[in-house]
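Number of protein chains: 2
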Amino acid sequence: MLKGNMVIGQSGGPTAVINQSLVGAVLAAREQEAITGILGAKHGLAGIMAEDFIDLTTQSVEQLEEVATTPAAALGSVRLKPGKAECEKVFEVFKKHDVRFFFYIGGNDSAETAHIIAEMAKSENYDFCTMHIPKTIDNDLRVTDHCPGFASAARFVALAFMGDDRDNKALSGVKINVVMGRDAGFLTAASALARQADGDGPHLIYLPETTFNVAQFKADVAAQVEKHGRCVVAVSEGIVDADGHPIATSGEKDSHGNLQLSGTGALGDTLSALVKEALPAGARVRADTFGYLQRSFPTIVSDVDAKEARDVGTYAVDHAASMGENGSVAIKRESSKPYTSSYFVTPLSTVAREATSMKAEYINEKGNDVTQAWLDYVAPLVGDLPKMGRLI
Amino acid sequence: MLKGNMVIGQSGGPTAVINQSLVGAVLAAREQEAITGILGAKHGLAGIMAEDFIDLTTQSVEQLEEVATTPAAALGSVRLKPGKAECEKVFEVFKKHDVRFFFYIGGNDSAETAHIIAEMAKSENYDFCTMHIPKTIDNDLRVTDHCPGFASAARFVALAFMGDDRDNKALSGVKINVVMGRDAGFLTAASALARQADGDGPHLIYLPETTFNVAQFKADVAAQVEKHGRCVVAVSEGIVDADGHPIATSGEKDSHGNLQLSGTGALGDTLSALVKEALPAGARVRADTFGYLQRSFPTIVSDVDAKEARDVGTYAVDHAASMGENGSVAIKRESSKPYTSSYFVTPLSTVAREATSMKAEYINEKGNDVTQAWLDYVAPLVGDLPKMGRLI
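Note that the protein sequences, when read in sequence, are chains A and B. Under the working numbering, think of the first position of the first sequence as -14, with each following residue one higher. Under the working numbering, think of the first position of the second sequence as -14, with each following residue one higher.
Derived by calculation from the structure, the hints in this document are not laboratory data. For clarity, every value in this text was computed on a predicted model and none was experimentally measured. Incorrect hints may have been included.
[To be verified] Taking lysine to any residue pairs in the SDA-like style, the calculated list, with each CA pair at most 20 Å apart, reads:
id, chain 1, residue 1, chain 2, residue 2
1, B, 66, A, 267
2, A, 372, B, 54
3, A, 372, B, 284
Make the full structure from the sequences, and use the hints.
So this is what it looks like as structure tokens:
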């Protein structure tokens, strides 16, 4: 029976509920005899390589519960796709500290990291169990029905569009809102939940899964303005042209060598300029880029998301301690009405590396909206939304 | 005793609670014998000139209460600084429809409009009472302690910075957040409420009331990065250089002929570029422009703000019906701890036209932060904020 210390870390972009997973795992670990010490790695792999840990056995439950409802990543996060050398260093540190359990909360890159280290342990016959705990607002992990962190960000997006559509109705014009999601349109698509009555926006939704055609975009917006006297547009930051190139970026690259999409207004401003070309002079056109608020706004949390994020943390630890088997925790949707779900473990290799994106059945034929199937999928995750009152 | 129909309209930028004022006024008017009909003007003055009204005596209280908690402006809004011709047209419509009471919910321009029409009525001996009901997220009206709409937007800004600061702590770098407020820094200054512990951001706050010096800005950011390894910056969209010129805009002008500040990422991207010049190559610098979310995000509402917005609507109608006297409703702060307030009526001329801005005592000497006096002023308006949990 596996027994020893555990390390837990957080990786990648923050979410509103990633700390729920952390606290779920820590509280579960405190109950497990197999787990002797609980080390929190500061800034994920970076902290492990630097042996920069905090002891997670000493905090009061009250403090941990405060952490659980706080967005971002309480241990600190890191953007690091480790190479073999980094993984070897991590494994060395694990051996040095008698670490037998490793829990890594993150997306597909984190699953890949966990996978590599698990393979190293296996090849050295080092008794070790590693679990990937899923997290991403992008909702792009394979196998799982959906990813913890997504539904809270989706709730923020839905609420933002609900309010912004009322704003646009009060002072007409074209409003373009740029939503996070480099390769997957799930979060942008959640904007459709803002619609409560005929004529409500968003009137157009553009996702990275479909080719963004500038001429079609201009025609689409002009047609909506003709129909409604206004137009609210949801656009993913990751939209690409027929050659797969981004429509506009700041030109900066992030630490993964990817073009920087978030944290700049470049795309919104470019799209505004295009819309102005398509409309009569003086048309009111505005663009907002929701930016980091989507992933770390306090108090805007989906109840389902908070519960599931907590549960996958707990489940990972309980599974590891009782089964000693590597894997990634996944969510199975048992029913949408009423919404119920269960958890299971899938091999790391099924989640690692490659991500997924919106199914074709969730996107309309024209590629400028979502389908009812999408709404049926996403609505129960996001939860009830306030009803917008109206007079005109 | 004045008796006849009333018209109510909404003007200017939406807020989260402007519909509270509308519903407060409508429900109060339904109780007043002096008020025979209640006409809602669609899109403010534009609707009055077009005689485009809706009857506000027929909706259920339930429907009105839904409207009250919905952001934006349920009657539609308008950006129109009317000239004499427009005011004459409005007055003509009022006479035609036996309108004896006019309630205009808006900022200083709306107070000015109400003032002009009141003067017209006086000069023609037309028995008439007009009340301005204050509303602006900018908090820049004279006489009143603060403006309905401000505290809810301030709450959004405070929460956004709380979450974004945790995000920045998890993944270090420089983060610049651009906040609304063309000439007044109140909303940007509310970001200071996000600080709960030593080292919390925002680490720097720049307001339109002080000259923005690019060299000083770069030095300030570099010093904060040196100290904290990161830096979160709050910047008003209205910051200006020593000549009073905006630091960066999209070059577009709005319907008032003002340079467009909101609905573009131009300033944030410009400031990002400046910060990159001040830091070592490869520094992680991001900018978000909060945009319209600040003023119309559903569910993020200050309790004090919602109550006061409702109250000023009710107060305006009751005052008009009982006193028949023109004016603008203002809020008097009776006490900050515990927070209590009362209402009074101030002459339209004291609120109309000119706006106000942050007092000097609210801004630190260096012009890159706020003072304790500011926090004492703003905290009770925004209300309790969730405590951010932390581990490192």
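Q. Does the alpha-carbon distance linking residue 66(B) and residue 267(A) stay inside the 20 Å limit?
A. holds, 17 Å
Q) Does the alpha-carbon distance linking residue 372(A) and residue 284(B) stay inside the 20 Å limit? A) This hinted pair holds, its Cα atoms lying about 11 Å apart.
(Q) Holds or violated: residue 372(A) and residue 54(B), Cα atoms, limit 20 Å. (A) holds, 9 Å
Consistency with the previously given hints is maintained throughout, with no hint failing.
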